[in-house]
Structures are given as C-alpha cells and as structure tokens.
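Peer 1: Turn these sequences into a full structure, and let the hints steer you where they fit.
Chain by chain, the residues run as shown.
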Amino acid sequence: MSIDLSQFIGTFLEESYEGLDIMESGLLNFDASDEETINTIFRAAHSIKGGAGTFGFTGVADFTHVVETLLDEMRAKKQEASPLLVNLLLESVDCIKALLEATQDGPEADPQIINQVQDRLQEALGIGTVLSSSAPTSTEAPSTSQQQSAAQLIGWDIEFIPNVGVLQSGHEPAFMLEALAELGTLHVESLTDTLPTLSELKPENLYVSWNLSLHCDCSEAYIREIFEWIEDECELNIAPAIARAIIGWQIHFAPHVEILQTGNEPSLMFEALSDFGRLTVSPETEKLPPLIDLCSDELYLSWNMTLESDCSKEQVLDIFEWVEDACELEVIALSTTVENILTSDSAVSSDNSSVKSEAITESVGSSTSSLTSSKAKSPIEASSIRVDTDKIDALINRVGELVITQAMLGQVGDDLVDVAGVDTERLQKGLEQLERNTRDLQEDVMRVRMLPVSFVFNRFPRLVHDVSGKLSKKVELIISGEQTEIDKTVMEKIGDPMVHLVRNSLDHGLEEPAERIAAGKSETGTVTLNAYHQGGFVVIDIVDDGRGLNTEKIRAKALERGLIKADQKLSEDEINGLIFKPGFSTADVVSDLSGRGVGLDVVMRNIELLGGQVSVKSEAGKGSAFSIKLPLTLAILEGQLVRVHEDTYVIPLVSIVETIVVKKEQKNPIAGEQKLLHFRDEYISHLDLKKLFHLPRAESAVSTDTTLVAIVENAGKKVGLVVDELYGQQQVVIKSLEVNFKRIEGLSGATILGDGSVALILDVAGLIQRGLNFEAVSAEISRNKLKNERTQRIL
Amino acid sequence: MSTENWQQKSTETQHNSEGQQYLSFVLDAEEYGIDILRVQELRGWTPVTPVPDMPEYIKGVLNLRGAIIPVVDLRKRFGLPERNYGPTTVVIVIKVDSGSKERIMGIIVDAVAETYTLSQDQIQPPPKIGGGVSAEFITGLVAQDDKMIVLMDIDELMNSDELSIDVQALSNIE
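First to last, the sequence lines map onto chains A and B. Using the working numbering, the letters of the first sequence map in sequence onto residues 2 to 796. Using the working numbering, the letters of the second sequence map in sequence onto residues 1183 to 1356.
It is worth saying that the hints were derived from the structure and are not from the lab. Check each hint, because a few of them may be wrong.
[Claimed, not checked] Below, in silico cross-link-like pairs of lysine-lysine (DSS-like), each with a Cα-Cα straight-line distance of 30 Å or less: (1) A:522 to A:623; (2) A:392 to B:1283; (3) B:1283 to A:489; (4) A:558 to A:471; (5) B:1258 to A:691; (6) A:554 to A:630; (7) A:743 to B:1258; (8) A:392 to B:1277; (9) A:554 to A:570; (10) A:692 to B:1283; (11) A:494 to B:1283; (12) A:582 to A:489; (13) B:1283 to A:743; (14) A:743 to B:1277; (15) A:623 to A:558; (16) A:630 to A:618; (17) A:718 to A:743.
[As the list claims (entries may be wrong)] Non-contacting residues of chain A with respect to chain B, defined by C-beta distances greater than 12 Å in every case (computed): (18) 38; (19) 240; (20) 265; (21) 386; (22) 430; (23) 453; (24) 533; (25) 565; (26) 572; (27) 738; (28) 741.
We treat Cβ as the ideally placed atom computed from N, Cα and C, and that holds for glycine.
Peer 2: Here it is, written out as structure tokens:
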C-alpha cells in the first residue's frame, strides 16, 4: 500500500506559498497584544514544516522547525516580539520560499544566507531560553503564570470527613455545605461507606463523610473559615481543582414514576451507558415514599450519573430514546476544562427544561482565541476549490461556442417569424430564455477566472517595508479597492510592472524625510494603491505625494538621448510621457532598487501586451500618479466591428480614440499623397488598411469624397485607420491564430461572429509599427541623403 | 526512447504487412492519397475569412467548432488551373504534425474519391518530377485499376513555405 506522494507535491507547494504569504502579512501587521496573529503565523509555519517532512524536503523542514520553535516561544511569551525579531522572521520567510523553490528546479537557495539566518534564529532562541529561565520575574512571566493558574485553577476539591461525634458538639454539616454553596457551585458526593447497619446506627452519630467539589474563585482561606469551628473534629483536605482532561457527560436521569409500567428498565440503560466508558451512578432517593405508600410497580428513584467517555451526546441520548417522554433527562458535557462544567452547571440550575440538548460547551467552552481562529480560517477553507486553469479555459471556450450556437438559433427563429402560417411564439419564448441563460452562463464562467486584485496588492506592504527601510524614508502605504476583480492571467502579469512602478515611486518620487520637512510636507510620505472599475476596464492607480516628475530634467535627458529635437514644442504631459521611451532613466545614481537599465519602457510594453495602457500625471512638488488601465480579461475584448473591403475586422475599443468622417479637403497632401489628417490640432498619418493588407481597391475608387477613419492610439502614437464601414460594437471572444496556424503581423487573433464566420482582430500596436516603420525609415533615409549632400557640398 | 522507436517500427511493419489505409481525393484529373489516420473529418465547402498578406493558396481561416483553422487550396498550391467551388468541393480537415505541436488544417479538394488499403509492396518510390508538386511531398505512387494514385506526405506539405511555424517567433511568445 504505497501512495505516490509526488502527485500531492504541487498542492503542498501551493499551500506552502499561501502559508508563507499568511506568515508574511501576519508579521507585517504584527501586534504583540494580539495572540491570534502569532497563532496564525505559527500554524502556517507548522503546516509547512509538516508537509515538507512528509515529502522529504528535509532542508525546508529543518529550517522551518527552528522558525516554528521561535514562534512557539513568542506565542508562549517567552520571547518578546521586537521589531528586530519580526524582521528576522520575515527573512526566514524568504529563506523558506527560496528553499521551496529550490526543491522545484528553482535556483539553488544560497546556503550562506540560509545558514546565516538559521544561526541568527538559533541565537535568538538561545537568548530567549536564557531569559526565560534566568529571569522569571520579567514583566511578562508573572502575568503569564497567573493567567495560567486562572485558567486551570477554577475551584477546590474538598474532602470533608467529620468525626462521628460532631453532631453532639452542636455542629451541623448541612449549614457548612450551604455556606459553601453560596460561594459558588457545589457538587456534593456523600460517602456512606461507614454507615453501619440499622441496628447499630445511633441517631446522634454522624456516619457520613463528603467529597465536595466547589467551583468558585474564592481563596482557600475562605473555605477554611467555614470549617473553622469544626476544624479539630474533622479531617479536612482542601486541594485546588485542576482542569481535568476528561471528556464525558454528566447525566441527570429522573424517570416518571410509571416508567416501569411501560416496560423500560433503567438498569439496562446503565449497562448500555457503561459500555461507552466508566460510569458512576449515584441514586437520588428524595422521592422515595414511606414504605407504606410504596407501590411495587412504580419507580421513585432518580439518578445522577457521570460518564467518562468520548462518545457523542447523540449516542447518550439514543440510549434514553425510548424513555424520553417518560422522564426528565439532562445531559451535560464534561469538557476538557472544569470551567465548562461550571458554566454549564449554572446554566442547568437556572433552566430546568426536561431535555437539555443545547450544547452548552460550544458557546462557552473553548477559549476565545481558538474560537476566533476557527472563525477566521473556515471561510477560506470553505470558499475555494483548486481547479486546473486549463479546465476553466476549456469551459470558457465551450460556453463561447454555446453563445454562437444560441445566436445562430436566434437568427433562425427570427427568420421563421416571416414565414406565414407558422406560430413561432413558443419558439421565440424558448429562444429568449436560452439567450438569457446563455448570457448569464457566460458571465458566470468568465467570473470563475476572476480574482480580487488583492492577490497582487498583498505583496506591496512587504515591498514598501523593505524598500523604505533601505532608503531610510518614511512611507505609509494606503491600499484601497483591493476587492476589485480581474482576470487571473492579467493579474499574474501585472505584478512585475506594478512592483516596478511602486519602487519607482519610493525611490524617485518620495523625498528624504528632511527634504519633505523643508518642503512643508509631513515627514512620512504616502503611496496609494487604488483599483477600480471603469467601463470594461480595471484601473489601478499608483499615487505618491513626492516631488513629482521633473519636466526640465526629463526634457534634458530626452534631448541627450536624442528622443526629441531641441526645438520641439511639447506639452507637459507629452514630456512626462517620454519617461516610457526605451532607454530612459533619470536616476542620478543607479541604485539597486530601480534604474537598472530596465526602464519604464518595459513596464509600458508589458502592460500593452496585456491589452492595457499606462499613463502618468504629475505636478511638481505635489506628487505623481501612474494609472494602469487593464482589460477585465484576456479572453474577451470589447471590439468595434468594421468592414474593410468585403471582410469584417475587429478593432479593440480600448485603442480607438474617435471615429470620424473625413472630407477630401481635410486631408493634407504631402508630396502628392494624402497622408496627413488634421485632427484636434494634430497631424495624424493615415493608414489605409486595404493598402496595408494588399486588398483590392475597387470600391474606394468610387467614393473618394469622404473617408471613414478610425483614429487609434497606442503608446502615445495616433494613427487613422481607413475603413469602409462601421458595424456595431460588441464583446468578442479572442481566439488564437497560432494554435493551428501562425502569428500574423498586424493581427492579434481572430474571433467568431454570431453567424459562425471568423473575423480577424487588428493588433493596433503592430499596425502602427508596421505602417509607421516604413514611413519613418523612408523619411530617415531621405533626410540622411539630404544631410550627406549638404555636408558634401560644404566640404 | 529505444522502446518507443522499436514500437513505432513494429507498428509500421504491421501496417506494411496488413496494409495501410489511404483516403484518396481528386484534384483536376489526378488522384491523390493521404494516410487516413490523419483525416479528422470531411466538410462541405463554406466561405472562409481571408487573411491579409498570405499567398493565394492560403484561402483563409475557418471556424471549426471554435477552433480557427487555416484552409489551403491544393489546386493553387500545386499550380493547377483554378476552378470554382461547387457542391462537391470538399474541405478535408487533417491533423498535421508540426514538430512541437499538432495543428489542425483544412485542404480544399475537388472531391473525395475512395479509401484504399495498400501494402508496402504495392507502393512504388516517387520519380523525380518537376512542376508544382515537388518530390519531397510525395511518398510513393500506386497503380490501382489503371489509375495512378499519388501518395502524399501531408506533414511535409503543410509545414512548407508560408505554413511553416517560425521557430523564432514561437520562442518569443513563450
């Protein structure tokens, strides 16, 4: 019976990474007074250790063990949670991550770092133990022990054996018991072993002794006071009641007198109960009538029973099932702590309903901390399920097909309306319903891929913590809108660009504390991450209140890099936009945080690959705001359907700035060709799709008076695409051309229209590149030619 | 690896002894045969969406139950005279082994003819011929009832020229 564990490794790793995330966020929000935080962190570490051990990742298990030990000491308040220690633990989290990655063909974890961190952990542990053993009087220790004693010591066990003659000296044990009962809840067990036979019994003697258990928070002295007068005439043993780890049931069983007549036999029930565990039965004989009134077929006894067993309440109740209506039954849980008995007892005494089936222990029983922990954990466990993304994608595809089929059916239904003599009402109704359901289904299925953007945002508290530490800047991170949902694929790919932008804000945007104070700002800088929906897009803003972009510097740099001409007039926004140009970095000093040569151009390219856009707004001295606009999903695109020649093409709506009708006289000819279009103070070049795609131009020759132009924008470049006709706007499911064909420049994919035909989706960035490249190259060539000619002439 | 090779060989020999099945189709007056195991389905001709900047023989792309597949006109590919598509015009959907992956593609033929079970000794090696169909796409010739059937290697054919996957581009995407 060997199980192939390898199939579970993936799950283990995923869970471990999640665990590490939990540890990290816990440590970042660490609050020493909140026991729950440390417990959560500890549990996460514990499960990683356990899993790693199971799968034979001894490196991970050993390392995590040390971390766990340290956390355990923190949990037990043997270690003070200093910021230093928290940082050390954060480093340990990184180490565990590295070790885990190393097990999966990742880069080998640096043993030096691992060992170093491990040594420091050991050291911390060493100090911890020394501290706790040598200085038990540290502020934490007494309160802890008190807490512990309070938790465990919750009453007194009293053994009270009066001498036989106490009654003669005027003492009345019953009064004492009453006095005790006033202090708290008293359980009295009478020991009647010494009771002599009736003939030997002397009424003035006391033959009974008692075992009392008193649940109260009074001191021992208080109890002794009650027995003060009798002290010399009795044996009194008072012991603190310690929490008993017995799980069992206390049963009070008071059958009605006629129960025997119904054929039930209590003794059989006791036997059945004793099968579960140790059963102590003490009969109550209060109702026993004088012998003369006693009727043989009536039952006057009731019983108090204690059952030490781990059986369930239901099992106990089952035994009494048949007599349920003919008795008074109370079943009370004896839980791990005596506290439970206490509370449940008091509850019982105040409420004498016949069958107490409420689980009292559940509400009062376990300590509050474990309660909250189970509350905090359960929603996560209950609400997610791990599914391979391929399965989801297959589902989305299938639903996409269903939508097309539904559209086709709808078309058929519409056609049938025109056929005379056919009643299509029922068909139409059905088709309407089908449409509604299909749309809902599609939306639901799409939502499966959506995750709250908090999955990305969660990494930033740590990043800001680390980076601000390194830069010795004070930074407050404000996160909002983290519940905004976005496609998983988009989310996975947006992380790195965002890290880049946030680091950028921390490194370049925010000033040193001194500079901030000088500028009349608060010492602590603020970085705000905000996500929200806007149309069919998700917008993520990264805002800092730093110095803002230095337009002068950017301009100078761009000039130096040859990105702009000296006499070029640019608006502020245009200058700011230059920071996204390749090979642009304004950092005076190349720090290890940003300015590694990988500039914002990479950020922009990555975001554009996702079908998104990034822009920046800035105000000198007030701060800068980067805004990332992302499609909700990569699987669906908001598209404008257009006709070019005889075919339908899809232009992504996000790229379209405006669609306009251009009259012939609005076109500005250059060298005889009508290439430029004057649009809102800008000259925009034309791209005739027919020309670009080498399609027949037969139709355009007919009507040249007006042209339909869709102005599209990408990476700050605007281009007018000449189309023949505009159709509607609709959501289209993006299909890859590469799966069965190949990548085609200028096209980002294809989609299937309602009639089942295929429409190609235009890749605006590619088109602009393709259209402008040629022109730019040819322009450059002619310019160079001119220049060369001139220089030659001068020479 | 060696076992795989061996298994492959053994199935090949099995095919040879029992004969391998071929689907034949008609182009102009010629009959061509392809391995029937590569045929996924047969479809009637439906208009396709043309893809810009493609050679004339790539007619465009087709929606095959949600998958976008390219469709190739074999007449044009082989340089045969053009012919209007009619009711018998058939698109054969085939599975093409393109090295790293399997691609589904369509080929437009005049009509589907027959299926043959051919043993290896019935197949003659291809002669050296010129014209549109170069010898590398032909695996053999078979004489059947006074007809000649040209057996084609669709992997070679459908991965040639414009249909080849740009390895460079692929690795860029990944």
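Peer 1: Taking the hints in turn, state whether each one holds.
Peer 2: Here is what the structure says about each hint:
1. A C-alpha spacing of about 9 Å is found between residue 522 of chain A and residue 623 of chain A, which places the hinted pair at or below 30 Å, so the restraint holds.
2. Of the pairs offered as hints, the one joining residue 392 of chain A and residue 1283 of chain B holds, with about 20 Å between alpha carbons and a cut-off of 30 Å not exceeded.
3. Between the alpha carbons of residue 1283 of chain B and residue 489 of chain A the distance comes to roughly 25 Å, so the proposed pair stays at or under 30 Å and holds.
4. Annotation: proposed proximity of residue 558 of chain A to residue 471 of chain A holds, straight-line Cα distance about 27 Å (limit 30 Å).
5. Taking the CA atoms of residue 1258 of chain B and residue 691 of chain A, the gap is near 23 Å; set against the 30 Å cutoff, the hint holds.
6. For the given pair, residue 554 of chain A sits about 27 Å from residue 630 of chain A by alpha-carbon distance, which is consistent with the 30 Å threshold.
7. At roughly 20 Å between alpha-carbon atoms, residue 743 of chain A and residue 1258 of chain B fall within 30 Å of each other, so this suggested pair holds.
8. Annotation: proposed proximity of residue 392 of chain A to residue 1277 of chain B holds, straight-line Cα distance about 23 Å (limit 30 Å).
9. Taken as a hint, the residue 554 of chain A and residue 570 of chain A pair is honoured in the structure, with Cα atoms around 15 Å apart against an allowance of 30 Å.
10. Distance hint between residue 692 of chain A and residue 1283 of chain B is unfulfilled; the C-alpha atoms sit about 34 Å from each other, more than 30 Å.
11. Of the supplied pair hints, the one linking residue 494 of chain A and residue 1283 of chain B holds, its CA atoms being roughly 25 Å apart against a limit of 30 Å.
12. Proposed proximity of residue 582 of chain A and residue 489 of chain A is supported: the alpha carbons are some 28 Å apart, at most 30 Å.
13. A C-alpha spacing of about 12 Å is found between residue 1283 of chain B and residue 743 of chain A, which places the hinted pair at or below 30 Å, so the restraint holds.
14. Proposed proximity of residue 743 of chain A and residue 1277 of chain B is supported: the alpha carbons are some 15 Å apart, at most 30 Å.
15. Pair hint residue 623 of chain A plus residue 558 of chain A holds up; C-alpha atoms about 22 Å apart against a cutoff of 30 Å.
16. Restraint check: the Cα-Cα separation between residue 630 of chain A and residue 618 of chain A comes to about 14 Å, which is no more than 30 Å; the hinted pair holds.
17. The suggested pairing of residue 718 of chain A with residue 743 of chain A holds, with an alpha-carbon distance near 27 Å, which does not exceed 30 Å.
18. No beta-carbon of chain B comes within 12 Å of the beta-carbon of residue 38 of chain A; the shortest separation is about 41 Å.
19. Look at residue 240 of chain A: its CB is around 74 Å from the nearest CB on chain B, clear of 12 Å, so calling it non-interface holds up.
20. No beta-carbon of chain B is positioned within 12 Å of the beta-carbon of residue 265 of chain A; the least distance is around 70 Å.
21. Taking the minimum C-beta to C-beta distance to chain B, about 26 Å, the non-interface status of residue 386 of chain A holds against the 12 Å cut.
22. At roughly 28 Å from the closest C-beta of chain B, the C-beta of residue 430 of chain A stays outside 12 Å, upholding its exclusion from the interface.
23. For residue 453 of chain A, the condition that its CB be more than 12 Å from all CB atoms of chain B holds, with the nearest at approximately 28 Å.
24. In this structure residue 533 of chain A is separated from chain B by more than 12 Å, as the shortest Cβ-Cβ distance comes to about 31 Å.
25. Distance check on residue 565 of chain A: its Cβ is at least 30 Å (rounded) from any Cβ of chain B, clearing the 12 Å threshold; non-interface status holds.
26. Against chain B, the non-interface label of residue 572 of chain A holds: every CB pair exceeds 12 Å, the least being about 35 Å.
27. The Cβ of residue 738 of chain A sits about 6 Å from the closest Cβ of chain B, inside the 12 Å cut-off, so the non-interface label is violated.
28. Its beta-carbon lying about 5 Å from the closest one in chain B, residue 741 of chain A breaks the requirement of being farther than 12 Å from that chain.
Going down the numbered hints, you'll see the structure goes against 10, 27 and 28, while the others check out.
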